[in-house]
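Student: Protein sequence lines correspond, in order, to chains R and Y.
Numbered according to numbering that gives the first Met the number 0, the first sequence spans residues 0 to 183.
Numbered according to numbering that gives the first Met the number 0, the second sequence spans residues 0 to 189.
Be a bit skeptical, because a hint or two may be false.
As the list claims (entries may be wrong) - Listed below are the simulated DSS-like cross-link pairs for lysine-lysine, each with C-alpha atoms no more than 25 Å apart in a straight line:
{"id": "1", "chain 1": "Y", "residue 1": "Lys153", "chain 2": "R", "residue 2": "Lys22"}
{"id": "2", "chain 1": "Y", "residue 1": "Lys157", "chain 2": "Y", "residue 2": "Lys141"}
{"id": "3", "chain 1": "Y", "residue 1": "Lys141", "chain 2": "R", "residue 2": "Lys47"}
{"id": "4", "chain 1": "R", "residue 1": "Lys47", "chain 2": "Y", "residue 2": "Lys173"}
{"id": "5", "chain 1": "Y", "residue 1": "Lys157", "chain 2": "R", "residue 2": "Lys47"}
{"id": "6", "chain 1": "Y", "residue 1": "Lys157", "chain 2": "R", "residue 2": "Lys22"}
{"id": "7", "chain 1": "Y", "residue 1": "Lys153", "chain 2": "Y", "residue 2": "Lys141"}
{"id": "8", "chain 1": "Y", "residue 1": "Lys153", "chain 2": "R", "residue 2": "Lys47"}
{"id": "9", "chain 1": "Y", "residue 1": "Lys141", "chain 2": "R", "residue 2": "Lys22"}
{"id": "10", "chain 1": "R", "residue 1": "Lys22", "chain 2": "R", "residue 2": "Lys47"}
To be verified - Below, a sample of chain Y positions facing chain R; criterion: calculated Cβ distance under 10 Å:
{"id": "11", "residue": "Ile21"}
{"id": "12", "residue": "Tyr33"}
{"id": "13", "residue": "Leu34"}
Derived from the structure by calculation, the hints contain no laboratory data.
Glycine residues also receive a C-beta, built at the ideal position from the N, C-alpha and C atoms.
So the chains spell out like this:
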Amino acid sequence: MNCENFNDRLPEYLDEALSAAEKADASEHVQKCGDCRRALARHEAFAKSLRLSFNRETQGLSLRPETRRNIFSALEPRGVLLTAWAYIRPFIEIIWRQPAWTGAFLLCLLLLISGSIFYRHPMKNTVKGERNNYVINVPLQTEIYVYRRQNNLVVDAVVTGTSIADASFSENVRPSTSSRPHVN
Amino acid sequence: MAEVPRVSAPKAADSFDAQEFIDSHGDRLLRSAYLLCGNETEAQDLVQETLIQAIKSQRGFRGQSALYTWLHGILLNLCRRHHRKQKRIVYDEELILKEICAPDHAGDLDQDFCATKITQAMQQLSHEHREVIILRFYENMKIEEIARQTGVSKGTVKSRLHYAVRCLEQFIPKEMNLFVSGGTNHGETS
Chain R
0 MNCENFNDRL PEYLDEALSA AEKADASEHV QKCGDCRRAL ARHEAFAKSL RLSFNRETQG
60 LSLRPETRRN IFSALEPRGV LLTAWAYIRP FIEIIWRQPA WTGAFLLCLL LLISGSIFYR
120 HPMKNTVKGE RNNYVINVPL QTEIYVYRRQ NNLVVDAVVT GTSIADASFS ENVRPSTSSR
180 PHVN
Chain Y
0 MAEVPRVSAP KAADSFDAQE FIDSHGDRLL RSAYLLCGNE TEAQDLVQET LIQAIKSQRG
60 FRGQSALYTW LHGILLNLCR RHHRKQKRIV YDEELILKEI CAPDHAGDLD QDFCATKITQ
120 AMQQLSHEHR EVIILRFYEN MKIEEIARQT GVSKGTVKSR LHYAVRCLEQ FIPKEMNLFV
180 SGGTNHGETS
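Bound-form chain Y, shown alone:
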């Protein structure tokens, strides 16, 4: 995802093209939102709200960070608010774990299966842990950038990352061998 070009800030309302703005950042934001909330419909709603807020408050962007980073900050705030609203829903974690770690598909592990299992495992993490994993491994942010984006110290980011990786390790089937180079056997084809 790092290869997506960073677009410069909109200078003025009259020269600002909302269509171009949405085309440049909409899909990328949607993918990040999908990983954050694990549901495409919710991700579409969150990105819709993010882009509306961003376009309405485009003058608030001061150019201190990349435009996408600023947009992603708005998305993170909306995701947190959404997550707080959803907190009342209680899942039966044991049932989900059984479903995730069921070895019946272990023989025909393919790329899509691995990707789906990892996304499902991501949903078992706490919101803070999921956030740092996505910022680090999907958005390719440095520790310092994650600290700035999430509003916590670098030490906290490192600690969260450490525990998030350990938790993720528990939730991912061991047959996938994520920690061995080429373990999921899908690196070369993507």
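For reference, chain R alone in the conformation it holds in the complex:
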């Protein structure tokens, strides 16, 4: 074991967490190496000084009577209303302290809820409840007939001209009208 390894393993050496072989190596190294012996002594002196200082600094501290009282009062069983109030109270305190932020939050919440209620997707505007509903407009040439009438009966029809109009085809609207073109 060299000095670098020993310094790396120093915490485990002090914890006695090294394996027997590693511990023997470390002990042997400490006996031979003056620098590491000094580093070990330095570390132990530091640890001892800290422990003593911490103990001295905290030796007069003990739990205050009011802390004990608070603990016991927090552990006493409460009624339903008191328990509910204990949960609600922090929220009321927040509202009281930060009215502007609370207002902004409520406004955002209101916008979000109203948006989710009133927003309608454009694809859903034809027939409610059906998907893939679409309309195709196709230009269609039609002929204009003039009918000759005799005793309220049509006896002949003569083509006098043609016109182009849009024919609409819609899918999934109703089975009866889906395949029939509607001429505008």
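Keeping the supplied structure of chain R fixed, place chain Y upon it in accordance with the hints.
Tutor: Coordinates of chain Y only, in the frame set by chain R:
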């Protein structure tokens, strides 16, 4: 602090004596909390909250560690939460350093002065560094136990400990000679 006896886990709510529980662990937790946050009032509040949480959730203690270790884990979590809330307060570090390292008391270094200076210097460390120093040198935990308690690897604990000691060395007046055996001259009397 290692000589404080470890009390076995409370078995059931009816046989559980809260008064005894608080008497056994309250003061020791308070001292640790004081070192962690550096303020007695905050330490009292933190220990109060720790004991309330522990007594309410006593069934959550499974006996895998000592009862005090479990309590200290709750305290550490509360301290971290408290520390995050306090983070917004900005201190003038240079001013504090001048105050800590002022040599005007160097001539009459006594035990209380050393203890106070070390506690003040502890407050200059980051929360993580302070945590490992206290767990290692006050709670006398092994590296493995600290790793389990703080939820980080053993390598991280060793690294934090190394840097924490170096930082502490910078903040403590050199006249105190902490790194020399008997340097603070208060070892024998305590």
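Student: Does each hint hold? Answer for all of them.
Tutor: Structure-based check of all given hints:
This hinted pair checks out: Lys153 of chain Y and Lys22 of chain R have alpha carbons roughly 18 Å apart, not beyond 25 Å. Straight-line distance between C-alpha atoms of Lys157 of chain Y and Lys141 of chain Y comes to about 11 Å, which keeps the hinted pair within the 25 Å bound. In summary, the hint linking Lys141 of chain Y to Lys47 of chain R is supported, as the alpha carbons are separated by about 15 Å, within the 25 Å threshold. Simply put, Lys47 of chain R and Lys173 of chain Y have alpha-carbon atoms about 17 Å apart, close enough for the 25 Å limit, and the pair holds.
Restraint check for Lys157 of chain Y and Lys47 of chain R: the C-alpha separation of about 18 Å stays at or below 25 Å, so the hint holds. At most 25 Å may separate the alpha-carbon atoms for a hinted pair to count; Lys157 of chain Y and Lys22 of chain R meet this at roughly 18 Å. Restraint check for Lys153 of chain Y and Lys141 of chain Y: the C-alpha separation of about 10 Å stays at or below 25 Å, so the hint holds. The straight-line distance between the Cα atoms of Lys153 of chain Y and Lys47 of chain R is roughly 23 Å, inside the 25 Å bound, and the hint therefore holds.
This hinted pair checks out: Lys141 of chain Y and Lys22 of chain R have alpha carbons roughly 16 Å apart, not beyond 25 Å. For the hint pairing Lys22 of chain R with Lys47 of chain R, the CA-to-CA distance comes to about 22 Å; that is within 25 Å, so the pair holds. Given hint, Ile21 of chain Y at the interface with chain R, holds; its Cβ is 6 Å from that chain's nearest Cβ, closer than 10 Å. Here the hint on Tyr33 of chain Y is kept, as its CB sits about 6 Å from the closest CB of chain R, short of 10 Å.
Among the interface hints, the one on Leu34 of chain Y holds; its C-beta lies about 6 Å from the nearest C-beta in chain R, closer than the 10 Å criterion.
Hint compliance for this structure: every hint is met.
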